[in-house]
Amino acid sequence: MEQTNPKYAAYIQILREELVPAMGCTEPISIAYGAARGREILGGIPDQMVVEASGNIIKNVKSVVVPNTDGLRGIEAAAAAGVIAGRADLLLEVISQVTPEQQREIRQYLGSNPVQVLLLDGDLIFDIKLTLHKGDQEVKVRIANYHTNIVYLEHNGEVLLDLHVEADDESGLTDRTLLTMADIYDFAQTVNLDDVREIIGRQIDCNMAISKEGLNHSYGANIGRVIMDHSRPDDRIAKAKAAAAAGSDARMGGCELPVIINSGSGNQGITASVPVIVYGQEAGVSEDKLYRALVLSNLTAIHQKTGIGRLSAYCGAVSAGAAAGAGIAYLDGGGYDEVIHTVVNALAMVSGIICDGAKASCAGKIAAAIDAGVMGYHMYQNGRQFYGGDGILSHGVEATLSNVGRLGKTGMRSTDKEILKIMLGQ
Numbered sequence: 023m024e025q026t027n028p029k030y031a032a033y034i035q036i037l038r039e040e041l042v043p044a045m046g047c048t049e050p051i052s053i054a055y056g057a058a059r060g061r062e063i064l065g066g067i068p069d070q071m072v073v074e075a076s077g078n079i080i081k082n083v084k085s086v087v088v089p090n091t092d093g094l095r096g097i098e099a100a101a102a103a104g105v106i107a108g109r110a111d112l113l114l115e116v117i118s119q120v121t122p123e124q125q126r127e128i129r130q131y132l133g134s135n136p137v138q139v140l141l142l143d144g145d146l147i148f149d150i151k152l153t154l155h156k157g158d159q160e161v162k163v164r165i166a167n168y169h170t171n172i173v174y175l176e177h178n179g180e181v182l183l184d185l186h187v188e189a190d191d192e193s194g195l196t197d198r199t200l201l202t203m204a205d206i207y208d209f210a211q212t213v214n215l216d217d218v219r220e221i222i223g224r225q226i227d228c229n230m231a232i233s234k235e236g237l238n239h240s241y242g243a244n245i246g247r248v249i250m251d252h253s254r255p256d257d258r259i260a261k262a263k264a265a266a267a268a269g270s271d272a273r274m275g276g277c278e279l280p281v282i283i284n285s286g287s288g289n290q291g292i293t294a295s296v297p298v299i300v301y302g303q304e305a306g307v308s309e310d311k312l313y314r315a316l317v318l319s320n321l322t323a324i325h326q327k328t329g330i331g332r333l334s335a336y337c338g339a340v341s342a343g344a345a346a347g348a349g350i351a352y353l354d355g356g357g358y359d360e361v362i363h364t365v366v367n368a369l370a371m372v373s374g375i376i377c378d379g380a381k382a383s384c385a386g387k388i389a390a391a392i393d394a395g396v397m398g399y400h401m402y403q404n405g406r407q408f409y410g411g412d413g414i415l416s417h418g419v420e421a422t423l424s425n426v427g428r429l430g431k432t433g434m435r436s437t438d439k440e441i442l443k444i445m446l447g448q
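The sequence shown runs 23 to 448 under this note's numbering.
Simulated from the structure, these hints should not be mistaken for lab results.
Possibly wrong hints are sitting among the right ones.
Derived EDC-like pairs (lysine to aspartate or glutamate); straight-line CA-CA distance at most 20 Å [unchecked claim]: (1) K151 - E180; (2) K443 - E74; (3) K234 - E180; (4) K156 - E180; (5) K29 - E180; (6) K84 - E74; (7) K381 - E235; (8) K311 - D227.
Whole structure, please, built from the sequences with the hints as guidance.
In structure tokens form, the structure reads like this:
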């Protein structure tokens, strides 16, 4: 792709917008971010807080450990961490600098100032409204459509910010519909690596660090360590799966290391990067080739999620696992045909995996998605593939991705509601 092509600059900007650091699962961190911003306007710690959240937010926050809270889980813990110790200027690293004393204060605050949580039943999949009270002072904060997108601020009845909000409106971000698999592959092949070196280098450093933490210590169900314990030492695919799963083990278990996210998700950021990094290191590829494979994998994951949306009943690890398979195919010498058939084959096998919130089992789903990505590549290597008309597949990679987007965004809406009811015991 020529650097004068408008898509060239757009693709770099998309990577800048999506591959950002976050500490902890991004949905509770978004709540903490909103709470911290509200406290700043309020001018002190609130006496009372009400958090209204859409079903997908509740689903993703319910079971996950909030970092730097000494093991606390859920919306209440995220909101309390934000008002006690959050720094809104750090965005998705809002609670990365919590002191031990503040951890105790978070627990004490929840003991004396219960946080009320309400289901926000509206049109937006991603919607958070926080109301903070201190004496006769009141602050309202609303975040919609993506994790740091504050669209409404109010202080004592005075509206400070009021942006028009529509479902899935990400007008503040670069247009993701510019992405196609053909252009992504072309861009990955031709991009001046100095234009993406800092972005990708940071992803390698952060996501490999949390992967190693998960392999070396006990978190969640220890899926990464289970895979390693039952694999041959020379099995590079098993190592790639284990490393990615271990990163999720640690992240879902409250590890306080940052992750470079993808499509608003740390688990997707880990899945799209760590298997590719480990496979490349095991294969001894050059740094340049590894960076190009990661550009390909990250943009492929983002392209898939554009049609599905930030949150869905469709497990995002599936998209990222297919993307990782594409990156591994590229590292192995595969061209455009290998890459797109890897993605289609993988999606044909595992597109039915549901998202039932952020928790320990995400690591297992990541391992399964990476398995499918690699199997999709090996199928094409052996002259095997799934064809248009097989289930939800259509002829051509873009048509298939459109089908998957339709499935995740529209087809699984009722599934999403039933998942939430099950999780809430209704």
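Here is what the structure says about each hint:
1. K151 - E180: holds (16 Å)
2. K443 - E74: holds (17 Å)
3. K234 - E180: Violated - the C-alpha atoms of E180 and K234 are around 48 Å apart, more than 20 Å.
4. K156 - E180: holds (16 Å)
5. K29 - E180: Violated, because 41 Å separates the two Cα atoms, which is more than 20 Å.
6. K84 - E74: holds (13 Å)
7. K381 - E235: Given pair K381, E235 holds - Cα atoms ~17 Å apart, limit 20 Å.
8. K311 - D227: holds (17 Å)
Of the hints listed earlier, those the structure fails to meet are numbers 3 and 5, in rising order.
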